[in-house]
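Protein chains in written order, with the working numbering: chain A, 1 to 267; chain B, 1 to 322.
Derived from the structure by calculation, the hints contain no laboratory data.
It is possible that some hints are incorrect.
What follows is a list of derived Cβ distance ranges for each label pair [said to hold, decoys possible]: (1) A/Met1 x B/Asp156: 47 to 53 Å; (2) B/Leu114 x A/Lys126: 37 to 43 Å; (3) A/Glu138 x B/Leu82: 44 to 50 Å; (4) B/Ala158 x A/Ala250: 31 to 37 Å; (5) A/Ser155 x B/Asp198: 54 to 60 Å; (6) B/Arg63 x A/Lys126: 25 to 31 Å; (7) B/Phe205 x A/Lys126: 47 to 53 Å; (8) B/Gly99 x A/Lys126: 29 to 35 Å; (9) A/Glu212 x B/Lys313: 27 to 33 Å; (10) B/Leu243 x A/Gly232: 36 to 42 Å; (11) B/Lys97 x A/Asn220: 18 to 24 Å; (12) B/Leu82 x A/Leu242: 34 to 40 Å.
Bear in mind the structure is a predicted one, so any value in this text is a computation, not a measurement.
Glycine included, every Cβ here is placed at the ideal spot set by N, Cα and C.
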Amino acid sequence: MNLIQVKQVTLEYPIIGVGSRSVKNRVLSTATGGLITGGDAIPVVKALQDVNFSLEEGDRLGLIGHNGAGKSTLLKVLAGIYKPTSGTVLVRGRIVSTLNLALGMEPEATGIENIFIRGLLLGMKKAEIRRKLDSIAEFTELGEYLHMPLRIYSSGMATRLAFATVTAMEADILLMDEVIGTGDARFMDKTEHRLKDFIHRSKILVLASHTEAIIRNFCNKVLLMEQGKIKGIGRVDEMFQLYYRHIHSARLLEYQGKRIDNTMAIG
Amino acid sequence: MSESGVALQTWLHVHYALRLVPAVEALPALLGAATRPEISVNRGRSSKHASRNSRMSFYGTLRKRFLESDLLEALKAYDVWLFLAWLDVRLRYRRSKIGPFWITLSMAIFCLTLGEVYSRLLNIEIAEYLPFLAISFVIWGLISSLLLEFPNLYVDNAAYMKDMRVNALTILLRGIARNALVFAHNALIILGIYAYFDLWPGLIFLLVIPGLILVLLNLFAIGVSLSIIGARFRDIAPINQSLVQILFFLSPIMWFPRLVSPDSLFLRLNPVAYFLDLVRSPLLGSFPSVSSWYVAIAILILFTTVSSVLYMKKSSKIPLWV
Chain A
1 MNLIQVKQVT LEYPIIGVGS RSVKNRVLST ATGGLITGGD AIPVVKALQD
51 VNFSLEEGDR LGLIGHNGAG KSTLLKVLAG IYKPTSGTVL VRGRIVSTLN
101 LALGMEPEAT GIENIFIRGL LLGMKKAEIR RKLDSIAEFT ELGEYLHMPL
151 RIYSSGMATR LAFATVTAME ADILLMDEVI GTGDARFMDK TEHRLKDFIH
201 RSKILVLASH TEAIIRNFCN KVLLMEQGKI KGIGRVDEMF QLYYRHIHSA
251 RLLEYQGKRI DNTMAIG
Chain B
1 MSESGVALQT WLHVHYALRL VPAVEALPAL LGAATRPEIS VNRGRSSKHA
51 SRNSRMSFYG TLRKRFLESD LLEALKAYDV WLFLAWLDVR LRYRRSKIGP
101 FWITLSMAIF CLTLGEVYSR LLNIEIAEYL PFLAISFVIW GLISSLLLEF
151 PNLYVDNAAY MKDMRVNALT ILLRGIARNA LVFAHNALII LGIYAYFDLW
201 PGLIFLLVIP GLILVLLNLF AIGVSLSIIG ARFRDIAPIN QSLVQILFFL
251 SPIMWFPRLV SPDSLFLRLN PVAYFLDLVR SPLLGSFPSV SSWYVAIAIL
301 ILFTTVSSVL YMKKSSKIPL WV
């Protein structure tokens, strides 16, 4: 039984590098101890605050919200990349996260070798990759190019290769940051078909996207985030209504604020 | 050396080798404490159960933690890091004619030149000096390149660490495996030296295996700490770099240890001197000193402890730092 349980998760992201990343500063700050106190603390961003939800098999969750609302961070917490500062995350099942398709491509390695690199990093066994190699190669339609180094590929060809490898994975839980694709018009149908199949094979999907059509296409549940908090979770229609009402009221506030500013400037 | 002397030496080595066994066993157990504290991905049960069950013996708890640890997970993923390390070496030299043997060749040229010059400067027979220098230098190459790599390890792999759940120890093992491969290429120089000077160390040669394993375990334990600290504090890499440079001159690589008094602090307080002895002496046909075994094991235990604690407390922060 695959599931995701997120309980009261808070993630504080330390921003090191604004003055406190080096040993030298540490030593100096102890030497001048007591004088500058507040300035030494590492600034922290609360990327997630008190996030609670749980998903079961069959759930296809869409994450929506503004840039910086915490969608990607939440995906990374689910993927096990970030450990929450407090709260617990329980994930049961094989996770595949396709957050960045261009990751881990070696320009000097051949296409075949790149399939192995990515497959291994995603958690496949060598035997498993070997079994799937033919079908991956066939899908990419790269033919002889698969034995050439990646550096001579066009970016579209490289994306096709990565896409084919990733979508060959058997995922119980699929985490995606925006829908992956290959962008080639001739290839579009084939890609879409394979992507749909990939998504339908997974038991749970969590997909962050800014495109309403994509969320409506793949998801049966939506989680609206704002400033690291859950604004709402529920049916797709409801959440989009909430989202747009929200954008609308924010615009309205902004507009009113400008008017007040203007009046004050005039006054 | 008289026959009984050799027998005594051999006995001593077996004796200490046996003492080594519990220390090696303790390594996974100690590092086993370094379980990934949160997110029991794929495992379902959290380690809370282990501590709650008071009837479970101390050893049982350690065992359980080891089974859930990142270390075991990384070791099981050996096909990943071995393949990637092998590919790293191959790719670097793919477009050259003699490939990875450039490593061997450049090291050989370096050793020959340096051996020629320094044997005259130090007024030592080249037949004595060159084998010593070449072997020392090949070993130092392994130790120094790893020490230099550690602090930047996670920074260099930031793209992976921020994008998928990668076990930090898998990355570390990839680095160690890659450098071990380079070392294997350089070891050909040693064979060349044997052939040229018609040296053959005899069966003592086999002691290089436990020696090398112990040195690699040490480097792994040091690497866990150094890579985490290096990810957090960016000054560590340059500091470390200058320290490694100094260490080269302080260690008996270009000079014979017998040239300084045995009580010399260069030799006594320098871990590298012990590591060198463990691998070099068998290759030159003599026994490493017993104290080398002692000290190397002591350093291993020390760093294993420090690294376990550091890893347990801080490893989950690495993706946030890099």
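Right, here's what the structure says about each hint:
A/Met1 and B/Asp156 have their C-beta atoms about 39 Å apart, which leaves the hinted 47 to 53 Å range violated. Between B/Leu114 and A/Lys126, the C-beta spacing of about 42 Å keeps the proposed range 37 to 43 Å intact. At roughly 28 Å, the beta carbons of A/Glu138 and B/Leu82 sit outside the given window of 44 to 50 Å. Range check, B/Ala158 to A/Ala250: about 34 Å between beta-carbon atoms, so the 31 to 37 Å window is met.
A hinted range of 54 to 60 Å for the beta carbons of A/Ser155 and B/Asp198 is consistent with their spacing of about 57 Å. At roughly 29 Å, the beta-carbon separation of B/Arg63 and A/Lys126 lies within the given 25 to 31 Å, and the hint holds. Taking 47 to 53 Å as the suggested C-beta distance range, the pair B/Phe205 and A/Lys126 does not conform, at roughly 34 Å. For B/Gly99 and A/Lys126, the Cβ-Cβ distance of about 23 Å falls outside the hinted range of 29 to 35 Å, so the restraint is violated.
About 43 Å separates the C-beta atoms of A/Glu212 and B/Lys313, a value inconsistent with the hinted range of 27 to 33 Å. The given range of 36 to 42 Å is broken by B/Leu243 and A/Gly232, whose C-beta atoms sit roughly 55 Å from each other. Distance hint check: the CB atoms of B/Lys97 and A/Asn220 are about 58 Å apart, inconsistent with the given range 18 to 24 Å. For B/Leu82 paired with A/Leu242, a C-beta distance near 51 Å fails the hint of 34 to 40 Å.
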